[in-house]
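K.L.:
Heads up: the sequence lines are chains L and F, in that order. The opening residue of the first sequence carries number 1 in our numbering; numbering runs sequentially from there. The opening residue of the second sequence carries number 1 in our numbering; numbering runs sequentially from there.
Keep in mind the hints are simulated off the structure, nothing from the lab. Being a predicted model, the structure only gives us computed values, none of them experimental. There may be inaccurate statements among the hints.
Which chain F residues stay away from chain L? Per the calculated CB distances, all over 12 Å, these [as the list claims (entries may be wrong)]: (1) G3; (2) R7; (3) T42; (4) E48; (5) K72; (6) D85; (7) S120; (8) Q144; (9) S164; (10) T171.
With a straight-line Cα cutoff of 16 Å, these simulated EDC-like cross-link-like pairs (lysine to aspartate or glutamate) come out [unchecked claim]: (11) L:K49 - F:E8; (12) F:K20 - L:E34; (13) L:K48 - F:D56; (14) F:K132 - L:D19.
Ideal Cβ placement from N, Cα and C applies to all residues, glycine included.
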Amino acid sequence: MKKKNIFDILENAEDELMDDFTDMSPGISDDQLEKLLAVSERNYRMKKKEIERTRKDNDTEGEYTVSGVDRIKRPVWLTPLITAASVVLIAGAVIGSVSLMKNNRNVIIGDDTHISAEQSGQSGTESTSVSGFGSATDTVVTVTALGTDNKTTKTTETATSDTTAVSTQTTSAPAADEKYTTRPFVAPKAEDIIIDDELSRYVHDMFAKSGDVHFNLTSNIMREREFLRFSVDPALGYKTSNLPDNSDEILENTVFYSLVNDERFTCIDDIRRYARTVFTEKLTNSLCLGNTFSSGFDDIDVGGFLPTDKIGWFAEYRGKLYIWFDGGGRGYVPAGDYMDELPVIISNKTDTSFTAYIQSTYIYSASDPIDPGLIELDKIGCYEVKFVFDSEFNDWRIDEITLREAPCYKAVYDKLPDRR
Amino acid sequence: MTGNELRELLSASPADCHRKLMQEYGRYVYAIVFNKLRSCGTREDVEECVCDVFTDIFIKFEYDEKYVSDIKGYIGTVAKRTAIDRYRSLSAENSHNAYADEEDMAELVSDFSVDEHVDSSELRRLLVQKIKELGEPDSTILIQKFYYNRKSSEIAKTVSMTASSVRSRCTRAMDKLRGKLAEVGITR
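Next up, chain L with everything else stripped away, as it sits in the complex (with noise of 0.2 Å):
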C-alpha cells in the first residue's frame, strides 16, 4: 500500500501559496529554458502563421475575388470531329444556297403574252405539273428558260383566240443556246430619260411594295386542307397531284381549290381592294398569270367540269373563297425582288404613263454569276415597269412588269445624262 504524503495536500493550492513554491522549486536550468523556449517559440510561429492567415481571409471576405486555374481536360479527338463537323455544315449551307438560287428563276410577264417557264430539278419527259389559266391572246410565243444544266427545257405555249390555254411541260432537249423571247426589249431614247429623285424614290416604294402584295396573295394566305376538286378541259392538259390523299399518284385534267381561311380576306373583293393598292385593274386580274378571279359556278357540283373561262386562282364558290391548289408550276408577276446598288431609271414619262428601269438581283448564268461584291453592269438585269395613272385612286399605278436580261440595265444606264 502506497504510504500517505502529506504534501499531497498541498496539491491545487491557492494562488498566494504560488509564490512560496516557485522560491522553494527546483529551478529551470540553461540547458532546460532553451529547450522550452524553442518549442515555445516553434509553436508560436505556427499559431501566428494561422492568426494571419485568418485574418488575411478575413479581409478578402466580401470583395468576391475569386483566382485560380481550373484544368479542364478535352478529349483530344473532339478538336478534329468539331473542325470536320464545321465543314460539313458550312458546305451544306452553301451547297444548299447555290441550289435554291438556281431553283428560283425564270418568272416573266409581258404586255399582251403571259409567260410561265418554271425550272424543275427533275429530268426526264414526262410533265411534272401542269399550271396556267385560260387568258386572252393572239400571241403564240415559245419561251424556253435558260438552262443552267442541260437536262431539263421547259415550254410554255399559248394558244388559241378566246381560251387560252397555258401548259408547262417538261422535256429532255437542250437548252445552251436557247433565250426567252418576248416583246423585244428597246432601250429608251437618251433625250426621254429624265432625272426625277423624287419619282424614283416612289417607284422604289411602289415595287417594293407590289412584292409584298403579291407574296400576300401567293404564297402567304392562310389555307385549309378542305378542297374542291373539278375536272377540267383536257385540252389544257392539266396534270396534278393527288393532293386531298398525299399521294404520289397524279391526276389528268383535275383541279384542287382549297378553303381560304385568312381574316384578312373572306371574299374577291377583299382581294382585288388589296391588290389595287399598287396594281391597275389589268395587271390585278392577270395577276397571277391567267384570270386572278373566278366566281359564279355555284351550280357545278364537286367533282363536275369546270368550264376553262371559270378557272381562276381565287374563286368564289357557294359563299366561301377558294384558292388554286396546284403544287407548284404556275408562274407568278416578278414584283419585288430587286437590289438597290443601283438608281431607277425613268423615261417617257407623260401625264398618264412612264417606264421605271429598276436593277434586278437575277442571276442568269450559273456558270458566269455576278460578283456579289462587284457591281459589273453588263450582267445585271432589270425590271422593265410600266407605271399608269389610275383616275380611280389619282395616283400611279403598276401596269406591267417584264423582267429583261442583261445587259439590259447597262443599255438604259449608259444613257443617264452623267455617263454619255
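Please arrange chain F on chain L, whose structure you already have, making use of the hints.
P.N.:
Leaving out everything else, chain F in the frame of chain L:
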C-alpha cells in the same frame, strides 16, 4: 519586468523578449503548472504545458497590449487555466469510459465539500508555514524531495550540497516538521 520594458523589448526584438519572459517567469509558470498536474501528469506533460503557456503569452502580448499592465498576474492566470485544461484532458485519458446505471445516478452528487475544502486550505497554509519555519536549506530540500519528487542528487545541485548531505538533512528536517505539526495537532 514592467509593461514599458516589455513593450520596448517586444518592439526591439520579439525573440529576446520571449527569452527574457521565460527567464523571469519560467519558474513561476512551472510551479503553477506542476501544482495542477502533479497527481496526473508526468514531468514531460508539465514541460509541455509550460511551453503551451508561454506560446499563448507570446501571442497575446504581441497582438494585444492591454495584457501588459499586470504581467505577472496575467501570466499566472494563463498558466493556471492552461494547466487546468491539461489536467482535464489528462484525467479524461485515464478514465475514458464511465458507466452509470439508473441506480447509480442517485450517488452522482457533487463531491465538493465546503468543510473539507476549508480544512484543506487551512492545512496547506499551516503546512507551508511550518516548512518555511524550518529555514533554508531544509525547507527547499523537503519541498523538492516530497512535493516536486526530485532525487537527492538533483536537489544537491540546487542547494550546493552533496547528495548524502541532502539525504541526512532531509531526514532530520522531516523529523522536525513532524514535531512542529504535532504541536499544532496534526499527527497523521
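K.L.:
Please go over all the hints and tell whether each is borne out by the structure.
P.N.:
Outcome of the hint check:
Listed as outside the interface, G3 (chain F) is consistent with that label: its C-beta sits roughly 20 Å from the nearest C-beta of chain L, beyond the 12 Å cut-off. Residue-level check passed: R7 (chain F) sits 18 Å from the nearest beta carbon of chain L, beyond 12 Å. Residue-level check passed: T42 (chain F) sits 15 Å from the nearest beta carbon of chain L, beyond 12 Å. Non-interface call for E48 (chain F) relative to chain L: violated, since the shortest CB-CB distance, roughly 8 Å, does not exceed 12 Å.
Once the 12 Å rule is applied to beta carbons, K72 (chain F) is inconsistent with being away from chain L; the minimum gap is 10 Å. Consistency note on D85 (chain F): stated as away from chain L, and its beta-carbon is indeed over 12 Å from all of that chain's, at 14 Å minimum. Once the 12 Å rule is applied to beta carbons, S120 (chain F) is inconsistent with being away from chain L; the minimum gap is 6 Å. Taking the minimum C-beta to C-beta distance to chain L, about 5 Å, the non-interface status of Q144 (chain F) is violated against the 12 Å cut.
Distance to chain L confirms S164 (chain F) as a non-interface residue, since its nearest Cβ pair spans about 19 Å, more than 12 Å. Its beta-carbon lying about 15 Å from the closest one in chain L, T171 (chain F) satisfies the requirement of being farther than 12 Å from that chain. Annotation: proposed proximity of K49 (chain L) to E8 (chain F) is violated, straight-line Cα distance about 23 Å (limit 16 Å). Between K20 (chain F) and E34 (chain L), the direct Cα distance comes to roughly 12 Å. Compliance with the 16 Å bound is thereby established for this hinted pair.
Simply put, K48 (chain L) and D56 (chain F) have alpha-carbon atoms about 10 Å apart, close enough for the 16 Å limit, and the pair holds. Restraint check for K132 (chain F) and D19 (chain L): satisfied, since their Cα atoms lie roughly 12 Å apart, inside the 16 Å limit.
Against the hints set out earlier in the document, violations occur for numbers 4, 5, 7, 8, 11.
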